[in-house]
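2 protein chains.
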Amino acid sequence: MDNFTFYSPTKYVFGRGVESQAGALTASMVGRKVLLVYGMGSVVKSGLLDRVKKSLDESGVVYHEFGGIKPNPTDDRVYEGIDIVRREGLDGLLAVGGGSAIDTAKAIACGVPYDGDFWDFYAGKKVVETALPVGVVLTIPAAGSEGSGNSVITKIDGMHKISLRTEVALRPKFALMNPELTFTLPPYQTASGIADMMAHIFERYFTMTPEVEITDRVAEGVLTAIVEESPKVMANPEDYEARANIMWSGTLAHNGICGTGRREDWVSHFMEHEISSVYGVTHGAGLAVILPAWMTFMADHNPFKVAQMARRVFGVENHDDQSAALEGISCLKAFFGSLGLPVTFAELGIENPDIELLVKKLHENKGDVIGGYYRLTAAETAEIYRLAL
Amino acid sequence: MDNFTFYSPTKYVFGRGVESQAGALTASMVGRKVLLVYGMGSVVKSGLLDRVKKSLDESGVVYHEFGGIKPNPTDDRVYEGIDIVRREGLDGLLAVGGGSAIDTAKAIACGVPYDGDFWDFYAGKKVVETALPVGVVLTIPAAGSEGSGNSVITKIDGMHKISLRTEVALRPKFALMNPELTFTLPPYQTASGIADMMAHIFERYFTMTPEVEITDRVAEGVLTAIVEESPKVMANPEDYEARANIMWSGTLAHNGICGTGRREDWVSHFMEHEISSVYGVTHGAGLAVILPAWMTFMADHNPFKVAQMARRVFGVENHDDQSAALEGISCLKAFFGSLGLPVTFAELGIENPDIELLVKKLHENKGDVIGGYYRLTAAETAEIYRLAL
Chain F
1 MDNFTFYSPT KYVFGRGVES QAGALTASMV GRKVLLVYGM GSVVKSGLLD
51 RVKKSLDESG VVYHEFGGIK PNPTDDRVYE GIDIVRREGL DGLLAVGGGS
101 AIDTAKAIAC GVPYDGDFWD FYAGKKVVET ALPVGVVLTI PAAGSEGSGN
151 SVITKIDGMH KISLRTEVAL RPKFALMNPE LTFTLPPYQT ASGIADMMAH
201 IFERYFTMTP EVEITDRVAE GVLTAIVEES PKVMANPEDY EARANIMWSG
251 TLAHNGICGT GRREDWVSHF MEHEISSVYG VTHGAGLAVI LPAWMTFMAD
301 HNPFKVAQMA RRVFGVENHD DQSAALEGIS CLKAFFGSLG LPVTFAELGI
351 ENPDIELLVK KLHENKGDVI GGYYRLTAAE TAEIYRLAL
Chain E
1 MDNFTFYSPT KYVFGRGVES QAGALTASMV GRKVLLVYGM GSVVKSGLLD
51 RVKKSLDESG VVYHEFGGIK PNPTDDRVYE GIDIVRREGL DGLLAVGGGS
101 AIDTAKAIAC GVPYDGDFWD FYAGKKVVET ALPVGVVLTI PAAGSEGSGN
151 SVITKIDGMH KISLRTEVAL RPKFALMNPE LTFTLPPYQT ASGIADMMAH
201 IFERYFTMTP EVEITDRVAE GVLTAIVEES PKVMANPEDY EARANIMWSG
251 TLAHNGICGT GRREDWVSHF MEHEISSVYG VTHGAGLAVI LPAWMTFMAD
301 HNPFKVAQMA RRVFGVENHD DQSAALEGIS CLKAFFGSLG LPVTFAELGI
351 ENPDIELLVK KLHENKGDVI GGYYRLTAAE TAEIYRLAL
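Taken in order, these protein sequences are the chains called F and E. In case it helps, our numbering puts the first sequence at residues 1 to 389. In case it helps, our numbering puts the second sequence at residues 1 to 389.
The set of hints was computed from the structure by calculation and includes no laboratory data. Note that the structure is predicted; figures quoted are calculated from it, not measured. Check each hint, because a few of them may be wrong.
Pairwise CB distance ranges (calculated) [stated by the list, open to error]: (1) F/MET208 <-> E/THR130: 56 to 62 Å; (2) F/ASP120 <-> E/ASP2: 42 to 48 Å; (3) F/ARG165 <-> E/GLU65: 21 to 27 Å; (4) F/ALA24 <-> E/GLU88: 50 to 56 Å.
Below, computed lysine-lysine pairings styled on DSBU-like, alpha-carbon distance capped at 30 Å [stated by the list, open to error]: (5) F/LYS70 <-> F/LYS11; (6) F/LYS11 <-> E/LYS126; (7) E/LYS333 <-> E/LYS232; (8) E/LYS33 <-> E/LYS232; (9) E/LYS33 <-> F/LYS11; (10) F/LYS173 <-> E/LYS232; (11) F/LYS53 <-> F/LYS33; (12) F/LYS70 <-> F/LYS125; (13) E/LYS125 <-> E/LYS70; (14) F/LYS11 <-> F/LYS126; (15) E/LYS173 <-> E/LYS33; (16) F/LYS126 <-> E/LYS70; (17) F/LYS125 <-> F/LYS155; (18) E/LYS173 <-> F/LYS33; (19) E/LYS366 <-> E/LYS126; (20) F/LYS70 <-> F/LYS45; (21) E/LYS33 <-> E/LYS333; (22) F/LYS125 <-> F/LYS360; (23) F/LYS11 <-> E/LYS333; (24) F/LYS70 <-> F/LYS155; (25) E/LYS155 <-> E/LYS126; (26) F/LYS366 <-> F/LYS126; (27) E/LYS11 <-> F/LYS33; (28) F/LYS33 <-> F/LYS45; (29) F/LYS126 <-> E/LYS11; (30) E/LYS126 <-> F/LYS173; (31) F/LYS173 <-> E/LYS366; (32) F/LYS173 <-> E/LYS173; (33) E/LYS33 <-> E/LYS54; (34) F/LYS70 <-> F/LYS366; (35) F/LYS11 <-> E/LYS125; (36) E/LYS232 <-> E/LYS11; (37) E/LYS125 <-> F/LYS125; (38) E/LYS173 <-> F/LYS11.
All C-beta atoms in this analysis are idealised placements derived from N, C-alpha and C, irrespective of residue type, glycine included.
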């Protein structure tokens with residue numbers, strides 16, 4: 001086990017009706033004047049935004065609205081938000097939505113107190129040391145941003161989709177999580193969120209750090225719960241209990257508890273970021289395509305942890321590691337398929353992906369050789385993209 | 001799943017040599033003038049205390065030493081500590097040791113800013129609203145106090161051993177966790193710590209709250225890791241990797257992550273607290289006696305969750321719940337036995353326990369009918385004590 005620091009000071013308030021606490025928690029943990037960041041129509045149409053505003057009003061919190069954040073959020077909105085927060089002298093941010101709204105809020109939060117260009121943090125030129133406080137009302141369990149110190153933003157110039165990781169500076173002060181708010185998610189978005197949270201676990205699970213049984217077992221536990229609960233949310237979108245299990249799984253998948261003491265991987269995410277930045281696909285759907293391809297490559301090159309996952313999560317019976325890994329990958333593909341997710345580029349609607357471009361951008365953004373579980377050259381990441389055809 | 005709040009803002013710094021960060025973290029998160037709380041001889045003899053003091057000196061932290069805290073810590077030392085902190089105008093506390101030192105520090109921390117008797121909090125007459133900050137250098141993985149908001153103190157007058165639970169007020173600001181510091185723990189203490197951390201999971205695992213698959217699976221994962229790693233630490237006390245897995249398991253067992261969204265039980269702890277307050281036994285050893293007895297009672301009265309644990313942790317094959325539960329209990333007893341732990345009163349060195357007295361104190365302290373998984377009367381807790389004979 002490697003040395004580690006785990007510091008997750010987010011207050012999670014989970015259950016029916018908890019969005020009514022938005023005002024009180026914003027006032028006590030974020031500030032009295034906030035930027036209210038949200039996405040497209042659904043939080044408005046559902047009435048959630050009105051309920052949140054009412055709660056803010058009742059607690060005497062003044063807010064400036066900043067809506068219309070799109071999926072795969074872009075840097076232009078971040079610059080715009082930074083200007084507003086500075087001009088209005090706001091204390092912090094409240095994001096209402098999923099990863100796009102939260103990640104935009106986080107980018108603004110670290111950009112405001114910084115003299116230079118906020119993109120310096122995403123480009124790896126500067127480390128975030130201070131940020132405005134951010135609160136969250138979560139509506140989509142997927143990105144895990146409600147419990148992470150991370151933020152993913154796409155730079156429009158060049159379509160670079162980059163993830164910023166901080167230990168604690170960008171962790172939300174609080175996250176209000178009402179599973180009922182996820183009842184109206186379309187099936188494809190629910191399924192994509194499930195693939196995203198599983199990917200967050202896999203990226204940590206696949207490690208060469210030896211002797212990390214405790215985090216292996218916790219990660220396998222969360223994966224198993226997701227595999228068991230997912231069919232229930234797909235069959236009945238208003239199954240509160242299943243929605244609750246999936247929502248909390250999404251937080252545990254990405255708040256760092258599954259990654260303590262181990263080198264992580266993250267190649268599948270990096271590879272998918274190039275697909276979604278070039279083709280604009282849903283991140284989780286892209287991951288459902290890349291994850292099995294990445295694992296298939298590993299079955300040939302470094303199968304042992306894929307085999308362990310296959311045995312412990314999908315109940316694959318004992319035989320050699322390579323065969324167990326391949327059988328587990330079949331189970332994973334069948335599982336994704338049962339949720340209505342694509343598992344090939346073609347199913348994703350990309351008949352002839354420009355693999356050369358994807359590989360070029362990938363290694364430009366992330367370096368010549370990438371990955372924690374297995375070090376991959378451009379020739380090898382190209383092979384993985386091809387395995388996803 | 002029940003509504004819940006999970007708020008664990010402790011900064012865990014884990015790995016080799018991390019005690020050298022005691023000064024810097026105390027200065028930044030606890031204060032410049034602290035009460036240095038520690039136990040009996042081992043932290044002195046090992047040289048750890050000197051290393052911590054050196055680190056405090058280097059960071060300019062002034063400390064007042066407060067050593068000699070005994071196992072099953074008592075209220076007299078708490079009153080003494082409160083007086084010192086007030087008299088010396090200290091900012092906070094640094095505990096070096098296991099649960100006894102940490103729990104004493106926490107009791108002092110909430111007692112200092114309170115006008116009345118600190119015991120009011122433990123007696124349930126008052127709720128802790130504010131407390132001095134506490135930092136921790138952990139030497140014994142067992143009580144889980146490094147990651148919990150709880151503290152257990154024994155009132156000498158009447159020998160009432162009572163647990164205080166707070167959501168966040170008594171959670172340590174930081175916990176420094178170096179598995180090497182546990183190499184010198186005697187085997188019996190190592191084993192007792194393992195029983196204690198397993199009990200912390202069982203108390204949360206055994207619930208009547210339906211549809212809590214995600215926390216069930218996480219709890220089973222931590223239990224499984226403990227069962228796998230324990231033989232290694234018993235066989236080789238200097239196995240860093242196994243010690244690290246056990247140490248982090250002890251934190252996850254009790255920081256609340258295994259209890260989100262579910263009613264908890266805690267009867268086994270309450271029953272053991274009476275044994276250790278009357279007979280002065282090691283808490284974890286007492287739990288190794290009570291847990292199987294409690295589960296045996298449940299095999300007759302409410303077997304389903306005991307059976308689930310038996311199947312998922314000990315791999316018991318499917319048959320009816322009662323039989324599966326009983327087989328799982330046999331596995332648990334065999335496991336405790338393999339660690340050198342007692343599983344009966346006689347093995348604990350108590351040939352003729354005064355069950356009438358234990359039951360009387362238990363229900364005086366905790367009420368006429370107790371338990372979250374199954375509601376137990378005095379006649380029934382007496383039966384459980386008898387099952388442990």
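Against the structure, the hints:
One distance hint, 56 to 62 Å for the beta-carbon pair F/MET208 and E/THR130, is violated here, with the actual separation near 46 Å. The hint said 42 to 48 Å for the Cβ distance between F/ASP120 and E/ASP2, and at roughly 44 Å that hint holds. Between F/ARG165 and E/GLU65 the CB atoms are about 40 Å apart, so this pair departs from the stated range of 21 to 27 Å. The hinted window of 50 to 56 Å between F/ALA24 and E/GLU88 is violated, with their beta carbons roughly 37 Å apart.
A threshold of 30 Å between alpha carbons decides the hint, and for F/LYS70 with F/LYS11 the separation of about 26 Å falls inside it, so the pair holds. With a C-alpha separation of about 23 Å, the suggested pair F/LYS11 and E/LYS126 falls inside the 30 Å cut-off, and the hint holds. Taking the CA atoms of E/LYS333 and E/LYS232, the gap is about 18 Å. The hint holds against a cut of 30 Å. Pair hint E/LYS33 plus E/LYS232 does not hold up; C-alpha atoms about 40 Å apart against a cutoff of 30 Å.
Distance check on the hinted pair: E/LYS33 and F/LYS11 sit about 29 Å apart at the alpha-carbon level, within 30 Å; holds. This hinted pair does not check out: F/LYS173 and E/LYS232 have alpha carbons roughly 39 Å apart, beyond 30 Å. Using a Cα cut-off of 30 Å, the hinted pair F/LYS53 and F/LYS33 holds, with the two alpha carbons roughly 13 Å apart. With a C-alpha separation of about 26 Å, the suggested pairing of F/LYS70 with F/LYS125 holds against the 30 Å cut-off.
Proposed proximity of E/LYS125 and E/LYS70 is supported: the alpha carbons are some 26 Å apart, at most 30 Å. The hinted pair formed by F/LYS11 and F/LYS126 meets the criterion: a straight-line CA distance of about 27 Å does not exceed 30 Å. With a C-alpha separation of about 15 Å, the suggested pairing of E/LYS173 with E/LYS33 holds against the 30 Å cut-off. A hinted pair counts as satisfied when its Cα atoms are at most 30 Å apart, and F/LYS126 with E/LYS70 does not qualify at roughly 49 Å.
Taking the CA atoms of F/LYS125 and F/LYS155, the gap is near 15 Å; set against the 30 Å cutoff, the hint holds. A C-alpha spacing of about 28 Å is found between E/LYS173 and F/LYS33, which places the hinted pair at or below 30 Å, so the restraint holds. Our distance criterion of 30 Å between C-alpha atoms is met by E/LYS366 and E/LYS126, whose separation comes to about 16 Å. About 16 Å separates the Cα atoms of F/LYS70 and F/LYS45, which keeps this hinted pair within 30 Å; it holds.
A C-alpha spacing of about 47 Å is found between E/LYS33 and E/LYS333, which places the hinted pair above 30 Å, so the restraint is violated. Straight-line distance between C-alpha atoms of F/LYS125 and F/LYS360 comes to about 21 Å, which keeps the hinted pair within the 30 Å bound. Between F/LYS11 and E/LYS333 the CA atoms are separated by roughly 38 Å; this puts the pair beyond 30 Å, and the hint is violated. The straight-line distance between the Cα atoms of F/LYS70 and F/LYS155 is roughly 13 Å, inside the 30 Å bound, and the hint therefore holds.
For the hint linking E/LYS155 to E/LYS126, the alpha-carbon distance of about 17 Å falls within 30 Å, and the restraint holds. For the proposed pair F/LYS366 and F/LYS126, the alpha carbon gap of about 16 Å is at most 30 Å, so the pair holds. For the proposed pair E/LYS11 and F/LYS33, the alpha carbon gap of about 29 Å is at most 30 Å, so the pair holds. Distance restraint check for F/LYS33 and F/LYS45: the Cα-Cα separation of roughly 25 Å lies within the 30 Å cut-off, and the hinted pair is therefore satisfied.
The straight-line distance between the Cα atoms of F/LYS126 and E/LYS11 is roughly 23 Å, inside the 30 Å bound, and the hint therefore holds. A distance of roughly 27 Å separates the Cα atoms of E/LYS126 and F/LYS173; the hinted pair therefore holds under the 30 Å criterion. For the suggested pair F/LYS173 and E/LYS366, the alpha carbons sit about 35 Å apart, so the restraint of at most 30 Å is broken. Restraint check: the Cα-Cα separation between F/LYS173 and E/LYS173 comes to about 16 Å, which is no more than 30 Å; the hinted pair holds.
Proximity of E/LYS33 to E/LYS54 is assessed by CA-CA distance (about 15 Å); at most 30 Å being required, the pair is judged to hold. With a C-alpha separation of about 25 Å, the suggested pairing of F/LYS70 with F/LYS366 holds against the 30 Å cut-off. A threshold of 30 Å between alpha carbons decides the hint, and for F/LYS11 with E/LYS125 the separation of about 26 Å falls inside it, so the pair holds. At most 30 Å may separate the alpha-carbon atoms for a hinted pair to count; E/LYS232 and E/LYS11 meet this at roughly 28 Å.
For the proposed pair E/LYS125 and F/LYS125, the alpha carbon gap of about 54 Å is over 30 Å, so the pair is violated. At most 30 Å may separate the alpha-carbon atoms for a hinted pair to count; E/LYS173 and F/LYS11 meet this at roughly 15 Å.
Consistency note: the structure conflicts with the earlier hints numbered 1, 3, 4, 8, 10, 16, 21, 23, 31, 37.
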